[in-house]
Each structure stands twice: as C-alpha cells, then as structure tokens.
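A.B. asks: Please put together the full structure from these sequences, using the hints given.
One-letter residues, chain by chain:
Number of protein chains: 2
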Amino acid sequence: MNKGYCVIMAGGIGSRFWPLSRSAKPKQFIDALGIGKTFIQMTYERFARFIPDENFLVVTGEAYKSLVLEQLPMLKEEQVLTEPCRRNTAPCIAYATFRIAKDDPEAVMIVTPSDHYIQQEDRFEEVMRHALAHARTHPDLVTVGIRPTYPATGYGYIQKEDTGELISPVMAFKEKPDLKTAVGFLNAGSFVWNSGMFVWSVAAIRHALESFVPDIARTFDGLAPYYHTDEEPARVNAAYETCQSISIDYAVMEKAKNSVVIDGDFGWSDIGTWGSLYEHLDKDSSLNARIGGDVLYFDTRNTLAKEELPGKLLVLAGLDDYVVADTKDVLLVCPKKEEAELKQLIETVLKKRSDIR
Amino acid sequence: MNKGYCVIMAGGIGSRFWPLSRSAKPKQFIDALGIGKTFIQMTYERFARFIPDENFLVVTGEAYKSLVLEQLPMLKEEQVLTEPCRRNTAPCIAYATFRIAKDDPEAVMIVTPSDHYIQQEDRFEEVMRHALAHARTHPDLVTVGIRPTYPATGYGYIQKEDTGELISPVMAFKEKPDLKTAVGFLNAGSFVWNSGMFVWSVAAIRHALESFVPDIARTFDGLAPYYHTDEEPARVNAAYETCQSISIDYAVMEKAKNSVVIDGDFGWSDIGTWGSLYEHLDKDSSLNARIGGDVLYFDTRNTLAKEELPGKLLVLAGLDDYVVADTKDVLLVCPKKEEAELKQLIETVLKKRSDIR
Numbered sequence: 001m002n003k004g005y006c007v008i009m010a011g012g013i014g015s016r017f018w019p020l021s022r023s024a025k026p027k028q029f030i031d032a033l034g035i036g037k038t039f040i041q042m043t044y045e046r047f048a049r050f051i052p053d054e055n056f057l058v059v060t061g062e063a064y065k066s067l068v069l070e071q072l073p074m075l076k077e078e079q080v081l082t083e084p085c086r087r088n089t090a091p092c093i094a095y096a097t098f099r100i101a102k103d104d105p106e107a108v109m110i111v112t113p114s115d116h117y118i119q120q121e122d123r124f125e126e127v128m129r130h131a132l133a134h135a136r137t138h139p140d141l142v143t144v145g146i147r148p149t150y151p152a153t154g155y156g157y158i159q160k161e162d163t164g165e166l167i168s169p170v171m172a173f174k175e176k177p178d179l180k181t182a183v184g185f186l187n188a189g190s191f192v193w194n195s196g197m198f199v200w201s202v203a204a205i206r207h208a209l210e211s212f213v214p215d216i217a218r219t220f221d222g223l224a225p226y227y228h229t230d231e232e233p234a235r236v237n238a239a240y241e242t243c244q245s246i247s248i249d250y251a252v253m254e255k256a257k258n259s260v261v262i263d264g265d266f267g268w269s270d271i272g273t274w275g276s277l278y279e280h281l282d283k284d285s286s287l288n289a290r291i292g293g294d295v296l297y298f299d300t301r302n303t304l305a306k307e308e309l310p311g312k313l314l315v316l317a318g319l320d321d322y323v324v325a326d327t328k329d330v331l332l333v334c335p336k337k338e339e340a341e342l343k344q345l346i347e348t349v350l351k352k353r354s355d356i357r
Numbered sequence: 358m359n360k361g362y363c364v365i366m367a368g369g370i371g372s373r374f375w376p377l378s379r380s381a382k383p384k385q386f387i388d389a390l391g392i393g394k395t396f397i398q399m400t401y402e403r404f405a406r407f408i409p410d411e412n413f414l415v416v417t418g419e420a421y422k423s424l425v426l427e428q429l430p431m432l433k434e435e436q437v438l439t440e441p442c443r444r445n446t447a448p449c450i451a452y453a454t455f456r457i458a459k460d461d462p463e464a465v466m467i468v469t470p471s472d473h474y475i476q477q478e479d480r481f482e483e484v485m486r487h488a489l490a491h492a493r494t495h496p497d498l499v500t501v502g503i504r505p506t507y508p509a510t511g512y513g514y515i516q517k518e519d520t521g522e523l524i525s526p527v528m529a530f531k532e533k534p535d536l537k538t539a540v541g542f543l544n545a546g547s548f549v550w551n552s553g554m555f556v557w558s559v560a561a562i563r564h565a566l567e568s569f570v571p572d573i574a575r576t577f578d579g580l581a582p583y584y585h586t587d588e589e590p591a592r593v594n595a596a597y598e599t600c601q602s603i604s605i606d607y608a609v610m611e612k613a614k615n616s617v618v619i620d621g622d623f624g625w626s627d628i629g630t631w632g633s634l635y636e637h638l639d640k641d642s643s644l645n646a647r648i649g650g651d652v653l654y655f656d657t658r659n660t661l662a663k664e665e666l667p668g669k670l671l672v673l674a675g676l677d678d679y680v681v682a683d684t685k686d687v688l689l690v691c692p693k694k695e696e697a698e699l700k701q702l703i704e705t706v707l708k709k710r711s712d713i714r
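Residue numbers (our numbering), protein chains in the order written: chain A, 1 to 357; chain B, 358 to 714.
Think of the hints as simulated: they come from the structure by calculation, not from any bench. In this text, all values refer to a predicted model and were calculated from it rather than measured experimentally. Wrong hints could be hidden among the right ones.
[Unchecked claim] With a straight-line cut-off of 30 Å between C-alpha atoms, the simulated DSSO-like cross-links for lysine-lysine are:
#, chain 1, residue 1, chain 2, residue 2
1, B, 422, A, 312
2, A, 283, B, 708
3, B, 614, B, 531
4, B, 640, A, 337
5, B, 669, B, 685
6, B, 394, B, 694
7, B, 685, A, 343
8, A, 328, B, 531
9, A, 352, B, 669
10, B, 685, A, 283
11, B, 685, A, 352
C.D. replies: As structure tokens, then:
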C-alpha cells in the first residue's frame with residue numbers, strides 16, 4: 001500500500017502580518033506564533049507523521065525555492081517545484097498531479113496550503129488518514145471541511161448532505177458569505193468551512209482535470225517526458241505562461257459530481273489576520289499576548305505585541321485592542337479590530353514605500 | 358574688559374525622554390528635536406555668540422567627559438571639569454567659581470543648565486549681555502527669570518519687585534506650586550519662572566558662598582594650588598566626598614540680599630517632558646509631530662513619533678495624543694498626557710530591566 005503523497009502549496013505572496021511578513025518572506029515562511037517554527041515547517045511536521053519525506057512536494061514561486069530548502073532541509077531540491085508566475089491553485093495542482101502520475105499513477109495524494117494552523121494534531125492525523133483510506137478505495141474528490149465555531153465571513157463554506165458520517169457528499173460550495181448568511185450557515189448545522197485541503201487519488205483528480213479544465217490537464221500531461229529532467233523548469237515555465245489563472249474550487253470542485261467532504265474537528269484556522277493570530281496565543285490576565293521581545297504593559301488590554309528583534313523591550317501604555325508589530329525596519333501600531341481598514345492601510349503604505357514590501 | 362565665562366552644568370542623569378535618553382547618554386547629550394544638534398551643543402552655540410571658546414567650562418560626571426569632548430570638540434580637555442558624584446548645584450558652582458577665580462578673579466560668569474531650549478536666540482543674547490554688563494558693575498547675583506506663559510507647576514518661581522526695569526530685586530523664591538497657586542502667580546504678573554541660569558561676578562558669588570556655605574567655599578578655595586595641575590582630579594574627587602548635596606538656590610540665592618532677577622522674554626523651556634518637546638515641534642494638519650524616521654499616520658492625531666533608526670518606517674493608526682518613541686532596543690508607546698504616570702512607569706521599567714537604563 002503506498003503511503004500517499006503530500007503536496008504543500010507555498011506560493012502565497014500576501015501582505016498578511018505585514019510588516020512581519022514581506023514579499024521576500026511571505027506568511028508561510030515566518031514564525032508568527034513565536035514558537036521557533038514557521039508555518040511551512042509546522043505544515044510539514046503535521047504530515048510527516050504519516051507521509052514519508054520522499055513523498056512530499058512543495059510548489060512555490062522561484063524566489064522562494066531557497067527559503068523552502070532552508071526551512072525544510074529534509075527535502076531534496078527536486079521535491080521543490082517552482083512556478084514562474086502565479087496562476088492560482090488549479091495549474092499548481094495539475095503540475096503536481098501529473099508529476100506524481102509519472103512516478104506513481106496509483107498514488108493517493110493530499111494537497112494542502114502551507115500557512116494554516118491546527119490545534120489538535122493527533123485528531124488531524126486521524127482525519128487525514130481516514131481521508132487517504134477513502135481516496136484509496138473511492139474515486140472521490142475529498143475536501144477537508146471544518147466545523148464552524150463562529151459565523152466567519154472570511155472563509156468559503158461547503159454545504160454537505162446530512163449523512164451523519166465522517167465523509168458526506170457535497171451539495172454546494174458557497175463563496176465567503178455576509179454576516180447574516182454566515183449566521184444562517186452556522187445555525188443550519190450542515191455547513192462547514194472550506195479549508196483548502198484536498199485528498200484524492202491521482203487517477204481521480206487527473207480524470208477531473210481532464211474533464212473540467214482539459215487545456216490545463218493536457219499541458220501538464222504533455223510535460224511528462226520532461227519531469228525529472230534538466231528541461232523540466234524551462235518547459236514548466238513556458239507551460240505556465242499559457243495557463244489560465246483559476247482556483248481548483250472553481251475549476252473542478254464545484255463542477256465535479258464526486259465531491260465529498262470530510263468533517264474536520266481538529267481545531268483549524270488560516271490565521272489570516274493579526275486578530276486571529278491573537279486568538280491562538282496565550283494571554284495574560286489583562287488579555288495581552290506577546291510574541292518575542294520583552295513587553296511591559298501599563299493600563300493596556302487585549303493587545304498583541306510582536307517583536308522581531310531579540311531582547312528588545314516594549315513598553316506599552318494606555319492601549320486597548322491594538323496590535324503592535326515591530327521589526328528591524330518597520331513599526332506598526334494599529335487597532336486590532338479594524339481588519340479591513342488595516343488591509344487597505346497596508347496597501348497604501350506599500351504604494352508609498354515599495355522598498356518595504 | 359573681560360568677555361565673561363560660561364559654566365555649563367551637564368551633570369544630569371535623568372530619565373527624561375527615556376528611552377531616547379539613557380543613563381549612558383542623558384538628555385543633554387541627545388538630539389531630541391531631531392535637528393542634528395544635541396541640547397549641550399545648542400547651549401554652547403547660544404553662548405558662543407558672545408563668549409570666547411577658551412572661556413567655557415563644562416562640569417559633568419566622569420562618565421560623560423568623553424561625550425562632552427566629542428560633542429564640543431572646540432573645548433580643551435582642561436575645560437571639562439568632572440564630578441565624582443552628584444552633589445547638586447552648589448558644589449558644582451563653587452568648584453567652577455574658585456577655578457575661574459584662580460585664573461581671573463575679576464571675571465564675570467554665567468552659569469547655565471545644558472539641556473534647555475531657547476526660541477529667540479537674538480533676544481537671548483541681548484538679555485544675557487545685559488546681565489553680564491550688570492554683573493560687571495554691580496555685586497548682585499542675577500537669576501534669569503522667564504515670563505510665564507501658562508500656570509506651570511513644574512518650575513520654581515521668583516517673585517520680583519515691580520520696578521518696570523529689565524532687572525529687579527528678588528522678593529522671594531517659590532518652590533514648584535500647585536495649579537491653583539500657579540494660576541495666582543500668573544495673574545499677579547510679578548512672578549517669573551526660575552530658569553536655573555545665573556549671572557554674576559566671581560567676586561560676588563565667591564562672597565556669597567563664603568557667607569552662606571562656608572565649608573563648601575573653603576573646600577574649593579583650598580584647592581586653588583591644585584587647579585590646572587595633575588593633582589586636580591584626585592583633589593577635587595576627595596573634596597566632593599566631603600560636600601553636602603545642596604542646590605545653589607537653597608544654599609545661596611534664597612538667603613542673599615543681593616539677589617536680582619532679569620526678565621527673560623526670549624521663549625524658554627526646559628523641555629522636561631515628551632509633551633513639552635511636542636509643543637516645540639512642527640505639526641502636520643492633524644497635529645502630529647515626528648522626529649526622525651518615516652511616519653505614516655492613519656486616523657491619528659496629536660501624536661509625537663520619535664524614531665532613532667534612520668529610514669525605519671512607522672505606521673501609526675488609531676492613536677490620539679500618544680508618544681511613540683522607538684530606539685534600537687526599546688519601544689515606548691504611551692499616552693502623552695500622563696506625564697506623572699509616565700515618569701513612574703519608567704522608574705518601574707528601569708527597576709525591572711537595569712540593562713536598559
């Protein structure tokens with residue numbers, strides 16, 4: 001029985017956690033939680049419990065290849081696939097799928113983002129092993145769903161059939177809802193968050209790609225002679241230029257009749273904001289959290305302090321519900337609640353100071 | 358006619374402007390205003406308009422001698438007098454007085470703190486020249502008074518006779534008042550702030566010291582044979598150990614019958630707090646001020662940002678009336694208004710982290 005492959009998608013260049021993350025070191029490569037591990041390292045470790053090292057693939061931008069190899073030194077260079085440009089998840093998954101297919105067409109595989117947070121790793125392993133077992137015996141496309149704990153408006157939802165089983169057929173994929181809709185989803189009980197993690201056999205996803213995005217499937221299938229050769233990077237780069245930019249959800253999952261969802265109850269967050277990072281940190285009696293640095297709070301509550309420089313002292317007074325993020329060359333002090341405004345603010349900053357990207 | 362001496366007292370080790378100032382670099386040695394000059398450099402320049410370089414003396418702690426010589430390279434090493442311990446202003450002034458007396462007993466001299474701010478330097482020069490002229494022809498002890506512009510509770514006051522002249526006899530010295538008393542002083546019109554600057558002849562202050570603090574006078578008069586010799590530092594250090602710690606105001610000025618005050622209308626501040634520093638800086642349309650760094654404000658008002666690291670970007674959002682002071686190893690974010698609390702806060706910090714003093 002093959003143990004399965006794990007494809008880690010690590011192409012993100014987002015401004016989340018700016019100024020901690022930069023375009024030269026996006027979120028997946030930073031130790032946002034201050035635990036000595038970056039998100040991609042935590043992702044690898046979660047899967048390395050049941051996936052052998054040689055069965056990992058990381059897909060990332062060319063600029064990040066050396067970062068990946070530095071942070072995951074157990075991987076060989078040929079396990080890091082690079083994209084010359086961003087084309088969303090469908091081309092990325094097609095590339096990984098057809099490359100694995102060349103080596104092991106009977107394989108099952110997991111596809112996962114590189115920058116999420118999981119609370120209960122034992123339960124996570126159980127669920128993922130269950131999904132892999134399902135994929136070995138069923139031609140289904142398994143999405144990992146997460147039981148919602150609050151009416152999130154920042155995640156997509158999946159409506160599932162109410163089978164009472166761990167794995168259920170998908171009824172519909174739903175875009176990020178407004179708050180009222182999200183409350184309805186939460187109350188209905190049959191909606192789960194779309195985690196962006198997928199489990200399937202190579203044969204199943206290959207068939208789905210060929211059915212719904214035949215151009216993309218043909219492109220990466222056609223490159224099979226070049227995988228594991230010196231020509232692979234150049235051929236892949238040329239292929240990417242011709243690909244449409246499209247998500248796997250939109251390209252495949254929403255259209256496929258064999259979409260199923262597995263119920264993930266292991267505590268999950270994409271930690272997409274300073275606020276959600278704060279939620280996952282230990283707090284003191286005034287509900288202040290800190291990552292790094294030495295912080296002294298005076299008349300300060302609900303505030304997240306992140307210091308990148310070892311030993312630097314932060315003295316914070318009279319703040320309530322702020323994020324204070326200090327790096328070598330940028331300091332951010334901002335109300336934590338204003339997520340949307342913060343995102344705009346950061347865009348404004350980056351336009352003014354492109355050197356700080 | 359001798360041009361007069363200028364004695365700059367630079368022994369302060371205060372925590373004002375912490376974390377910008379440190380015990381290794383107190384306020385007088387920092388460029389708090391971000392204009393490329395430290396307070397002691399500005400002090401020197403104000404007096405160098407009418408005092409020759411060779412007539413300056415700086416009295417400071419041993420630890421700061423090299424800082425003085427670095428920041429005032431026009432001074433010779435023998436112009437920097439060092440104190441082995443802090444004994445307030447009377448011993449400091451006595452040392453400088455008797456050292457000048459050895460060289461030039463007919464001299465007139467100015468004594469000045471090293472860390473004050475003057476707005477109108479031309480007017481300042483006029484007033485100080487007038488005071489020097491008075492000291493040449495009168496045996497008076499001239500204190501420089503400042504016309505109050507608000508009911509300050511952080512300064513001592515001098516009640517003067519209402520002569521209508523630039524120089525008036527002193528009726529009384531008043532300690533730092535409470536607010537109600539300060540309002541009374543302001544309304545009375547005959548009270549001025551005590552700037553801590555003095556002008557007198559060597560003969561006049563010598564006589565006063567001998568009258569009111571004879572032990573101190575005798576001590577430093579007795580060292581006359583050693584001034585300008587290799588033995589001076591050791592002798593002075595031993596003398597300091599025996600001195601009481603006492604201010605010149607308490608030791609001499611409040612007791613002397615020949616105390617007069619000159620009316621200083623040149624715009625003065627001791628800039629003793631971040632708030633008073635803020636008052637002296639240019640503001641943008643949201644009344645934000647910055648010193649150094651590159652600051653982007655969003656929904657922020659009345660806030661002072663001080664960045665020590667060149668080129669560092671500060672992004673400040675949702676702040677009203679704060680000080681944000683960032684250095685290499687300390688970041689302070691604190692409501693600007695809470696001056697008293699801030700002082701206590703800093704004391705607390707320094708107890709916890711003596712390495713940051």
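A.B. asks: Decide, hint by hint, whether the structure agrees.
C.D. replies: To see whether the hints hold, each was checked on the structure:
1. B/422 <-> A/312: Between residue 422 of chain B and residue 312 of chain A the Cα gap is close to 28 Å, so the pair holds against 30 Å.
2. A/283 <-> B/708: 24 Å, holds
3. B/614 <-> B/531: Holds, at about 16 Å.
4. B/640 <-> A/337: It holds: about 28 Å lies between the C-alpha atoms, which stays within 30 Å.
5. B/669 <-> B/685: 11 Å, holds
6. B/394 <-> B/694: 26 Å, holds
7. B/685 <-> A/343: Roughly 27 Å separates the two Cα atoms, so the pair holds.
8. A/328 <-> B/531: Violated, because 48 Å separates the two Cα atoms, which is more than 30 Å.
9. A/352 <-> B/669: 14 Å, holds
10. B/685 <-> A/283: Within the cut-off at roughly 26 Å; holds.
11. B/685 <-> A/352: 24 Å, holds
When held up to the earlier numbered hints, the structure conflicts with hint 8 and nothing else.
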